[in-house]
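For this one, chain R is given, so just place chain P on it according to the hints.
Letter by letter, the chains look like this.
Number of protein chains: 2
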Amino acid sequence: MLNKETIATEFMMLQDSICQSLEEIDGSGRFKEDLWQREEGGGGRSRILEGGKLFEKAGVNFSKVFGNTPAFLYDTKQNINPESQFFATGVSIVIHPINPWVPIIHMNIRYFEKDAGACWFGGGIDLTPHYVIPKDAIYFHGELRKVCNKHPLADYVKYKKEADDYFYIPHRNETRGIGGIFFDHLIPADQTEKNVLFNFVLDVGKLFAPLYIEIVSRNKDRLYTSEEKKWQRIRRGRYVEFNLVYDRGTKFGLETNGRTESILMSLPPQADWQYNFIPATGTKESESLNFLKKGIDWLK
Amino acid sequence: MLNKETIATEFMMLQDSICQSLEEIDGSGRFKEDLWQREEGGGGRSRILEGGKLFEKAGVNFSKVFGNTPAFLYDTKQNINPESQFFATGVSIVIHPINPWVPIIHMNIRYFEKDAGACWFGGGIDLTPHYVIPKDAIYFHGELRKVCNKHPLADYVKYKKEADDYFYIPHRNETRGIGGIFFDHLIPADQTEKNVLFNFVLDVGKLFAPLYIEIVSRNKDRLYTSEEKKWQRIRRGRYVEFNLVYDRGTKFGLETNGRTESILMSLPPQADWQYNFIPATGTKESESLNFLKKGIDWLK
Numbered sequence: 120m121l122n123k124e125t126i127a128t129e130f131m132m133l134q135d136s137i138c139q140s141l142e143e144i145d146g147s148g149r150f151k152e153d154l155w156q157r158e159e160g161g162g163g164r165s166r167i168l169e170g171g172k173l174f175e176k177a178g179v180n181f182s183k184v185f186g187n188t189p190a191f192l193y194d195t196k197q198n199i200n201p202e203s204q205f206f207a208t209g210v211s212i213v214i215h216p217i218n219p220w221v222p223i224i225h226m227n228i229r230y231f232e233k234d235a236g237a238c239w240f241g242g243g244i245d246l247t248p249h250y251v252i253p254k255d256a257i258y259f260h261g262e263l264r265k266v267c268n269k270h271p272l273a274d275y276v277k278y279k280k281e282a283d284d285y286f287y288i289p290h291r292n293e294t295r296g297i298g299g300i301f302f303d304h305l306i307p308a309d310q311t312e313k314n315v316l317f318n319f320v321l322d323v324g325k326l327f328a329p330l331y332i333e334i335v336s337r338n339k340d341r342l343y344t345s346e347e348k349k350w351q352r353i354r355r356g357r358y359v360e361f362n363l364v365y366d367r368g369t370k371f372g373l374e375t376n377g378r379t380e381s382i383l384m385s386l387p388p389q390a391d392w393q394y395n396f397i398p399a400t401g402t403k404e405s406e407s408l409n410f411l412k413k414g415i416d417w418l419k
Numbered sequence: 120m121l122n123k124e125t126i127a128t129e130f131m132m133l134q135d136s137i138c139q140s141l142e143e144i145d146g147s148g149r150f151k152e153d154l155w156q157r158e159e160g161g162g163g164r165s166r167i168l169e170g171g172k173l174f175e176k177a178g179v180n181f182s183k184v185f186g187n188t189p190a191f192l193y194d195t196k197q198n199i200n201p202e203s204q205f206f207a208t209g210v211s212i213v214i215h216p217i218n219p220w221v222p223i224i225h226m227n228i229r230y231f232e233k234d235a236g237a238c239w240f241g242g243g244i245d246l247t248p249h250y251v252i253p254k255d256a257i258y259f260h261g262e263l264r265k266v267c268n269k270h271p272l273a274d275y276v277k278y279k280k281e282a283d284d285y286f287y288i289p290h291r292n293e294t295r296g297i298g299g300i301f302f303d304h305l306i307p308a309d310q311t312e313k314n315v316l317f318n319f320v321l322d323v324g325k326l327f328a329p330l331y332i333e334i335v336s337r338n339k340d341r342l343y344t345s346e347e348k349k350w351q352r353i354r355r356g357r358y359v360e361f362n363l364v365y366d367r368g369t370k371f372g373l374e375t376n377g378r379t380e381s382i383l384m385s386l387p388p389q390a391d392w393q394y395n396f397i398p399a400t401g402t403k404e405s406e407s408l409n410f411l412k413k414g415i416d417w418l419k
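Respectively, the protein sequence lines represent chains R and P.
Using the working numbering, the first residue of the first sequence is number 120, and each one after it goes up by one.
Using the working numbering, the first residue of the second sequence is number 120, and each one after it goes up by one.
Hints may contain errors.
All copies of an identical chain are treated as equivalent in the list; a pair is satisfied when it fits inside any one copy or across any two copies.
With a straight-line cut-off of 20 Å between C-alpha atoms, the simulated SDA-like cross-links for lysine to any residue are [what the hints assert, rightly or not]:
id : residue 1 : residue 2
1  : 339       : 220
2  : 254       : 271
3  : 370       : 289
4  : 412       : 376
5  : 277       : 159
No wet-lab data here; the hints were simulated from the structure.
Looking at chain R on its own, in the form it has when it is part of the complex (with noise of 0.2 Å):
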């Protein structure tokens, strides 16, 4: 029987891959760790390659903590149970690299278990492009779209339309980059779903370097003007409006005294905020925000 025990353990296991992978693409850099411990139960080890050869920050994370269930993961104040218990296990990623031909990628999976039996699964990968180029588009959809479809009860188009509706920023009314998959409450009918859900889960992870690093190696040695890099630093201040305005993983770590460090790992080394910079019509600045909207189909 698949336990939570098991799910943390592969979790752990996936970053010390990840790590690797992206240690050796990448060539110089190496991860930090850092160990921490939350003080009602549990902890994690966060994993930091800052001023790599390819990726200026990358942070690979990964968590199991567990205790009384907070008050704040309850629909309503009268079903509070102060008996209750939580685990909730998971691995995050964010890299930002040098190149501003290369994109930014967000990976995470998640288990949460409330008490005996209730449980769920979560996760995706999103890509955010500087400059969106359409045939590495079309490749990570498409890779997305296989590891759901080899997957009995996974479901691209949904996860698709789920990540167009969740990174997006209403007030720049841009999604953030070109999407990807995003899933929340998968809940599994019995212990065999809870096999196959957490298989599917573990896939998403296990694409997650190769994906990647197939993105990156197309893209890495590509030249670039101080003119590309500033575009970078100003599309990184739209990940950072994303992040601390609207991501429901960084406000629920920050309402709830997590690892500020470990949650905020997510944001850029250097971003710019220039006053109404709008790029002039057929630049390839312009034409990379007309990629940034809900319901392009990469793969029709």
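Chain P only, in chain R's frame:
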């Protein structure tokens, strides 16, 4: 009798005079103006100076908006009255200087009116030094106390505490800067009090330019290193965190479909996030951090 149009006109004139003073001290940068209109009624004058000799980015905004009272301005849904009208006008300033020894400053004054009669004033000034210089902090708070003491209904001690409480970043356990004064919902009991409160708020607005220019003048010619410039970008990152996660004005603006570029003019031209950056004990960076807490009485 003091009416809303008089208040708005005075606020506009204040914006003019502040922009003029800031251009004078900068000596090179010029404000660019954007006029904008709000579909539901009213609009504003956004003025931004970028790339000055002293100021990297300075925003001095005026707005006057009115129309049907939006639903979020009611305490409860039961009280919503579709006939109700509101009127709001204000001046809002954030300045990010080039020199890390010159502090960031923020000032805001505002007037709000609902239907016939109900009205209030709000506002404040707070200072965010990258490096806290005690004698400047004492001067700053001294001037704020003076302006409060000149006005019978103002209370420096109360407003200073409100600034400490408001400009606070819980997930960092740091105040944004050395505080200042903050006040909201100053409701006049009658026309006489309305005049008294307006004179106070306008005096706060008029204090802004000479107060900041004095602090700028004291520090603008100080030489700085690239390390100090880097520390400035780290502190600007905290400014971003406060404004995007906690600032009520920013949230209010973004949630109510305000003009995004005017709201986010407060964000710095450039900000850094370095993982777990903690200055060594005894450095001037570490000493500055020690001043970023609530309840420091600079005037004792």
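Going down the list of hints, with the structure as the test:
no.: 1; hint: 339 - 220; verdict: within (7 Å within a copy, 38 Å between copies)
no.: 2; hint: 254 - 271; verdict: neither (27 Å within a copy, 68 Å between copies)
no.: 3; hint: 370 - 289; verdict: both (17 Å within a copy, 12 Å between copies)
no.: 4; hint: 412 - 376; verdict: between (33 Å within a copy, 18 Å between copies)
no.: 5; hint: 277 - 159; verdict: neither (36 Å within a copy, 36 Å between copies)
When held up to the earlier numbered hints, the structure conflicts with 2, 5 and fits the remainder.
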